[in-house]
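**Student:** Sequence:
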Amino acid sequence: MVSLRPTAPPAHPVTVQSTAPQADSSVRLVTGFAGFGAGSVNLAISSSFLAADSPGPAGLLAGVAAGLWGAALLAGAVAFLAKDRLAGNRWARYALAGAAAAHLAAIAFPTSTTSGLSLTQLSALLLTLMIIASLGWLQRHRGQQDSAQQDSAQQDSARQPAGAGMRPGRLLLAAFAGAVLVAGITTPGLAASTAGQYAVPHGEHGNLAPGGHHQR
1 MVSLRPTAPP AHPVTVQSTA PQADSSVRLV TGFAGFGAGS VNLAISSSFL AADSPGPAGL
61 LAGVAAGLWG AALLAGAVAF LAKDRLAGNR WARYALAGAA AAHLAAIAFP TSTTSGLSLT
121 QLSALLLTLM IIASLGWLQR HRGQQDSAQQ DSAQQDSARQ PAGAGMRPGR LLLAAFAGAV
181 LVAGITTPGL AASTAGQYAV PHGEHGNLAP GGHHQR
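Using the working numbering, read the sequence shown as starting at 1 and increasing by one per residue.
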């Protein structure tokens, strides 16, 4: 006998959305911006060493090392933002830790060449520590996500859709906040370097005559 009672619709798995991808995207942006800032500051340190009156062998070596490290940071930041995965193995983190120690030593034990670069070294140190902390957070958070996904698969529970990500408005806000933060640390460091001291102020571009008047 056929029952005429209405049957309940089949239950669909509940989709649980998490804010983890949003936080990951924000932290990744801050990490990339910090890499750009640290690379620029290290290039400024390199130019300060190489532009000294008598840098000597130690100063030349320090200038070349700072230049290579700055270029590596810029390239690493581009690769980090271009790839949708966690970049930087333990060797990269060892290099970042060594760079932070070098900046700290330059601040604590200044020499005749590095005495005027304390603010620049401090900016590089803060940006390097920001990169280390961001990478550590991403690594720990990614490990927690992987463990949660494995437990969810074993229990046959709801999974987060692969397309869930950060809203464009929040991502833009995070990008703006990260850029302002990194610029606030990077700009004083660049201004205190030799390149910053000899830079022409923006209001004086094109002023060829003394007193700031245009020569006609």
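One should not assume that every hint holds.
[Unchecked claim] Label pairs and their computed distance ranges (CB to CB):
| hint | residue 1 | residue 2 | range |
| --- | --- | --- | --- |
| 1 | Asp-53 | Ala-23 | 40 to 50 angstroms |
| 2 | Ser-118 | Leu-61 | 27 to 37 angstroms |
| 3 | His-141 | Ser-115 | 34 to 44 angstroms |
| 4 | Arg-142 | Phe-176 | 20 to 30 angstroms |
| 5 | Ala-58 | Arg-142 | 35 to 45 angstroms |
| 6 | Gly-184 | Ala-23 | 19 to 29 angstroms |
Quick caveat, the hints were computed from the structure, so don't treat them as lab data.
A virtual CB, placed ideally from N, CA and C, is assigned to each residue, including glycine.
**Student:** Work down the list of hints and note, for each, if the structure agrees.
**Tutor:** Tested hints:
no., hint, result
1, Asp-53 / Ala-23: 40 to 50 angstroms, "holds, 49 angstroms"
2, Ser-118 / Leu-61: 27 to 37 angstroms, "violated, 20 angstroms"
3, His-141 / Ser-115: 34 to 44 angstroms, "holds, 41 angstroms"
4, Arg-142 / Phe-176: 20 to 30 angstroms, "holds, 25 angstroms"
5, Ala-58 / Arg-142: 35 to 45 angstroms, "holds, 41 angstroms"
6, Gly-184 / Ala-23: 19 to 29 angstroms, "holds, 22 angstroms"
Of the numbered hints given earlier, the model fails hint 2 alone.
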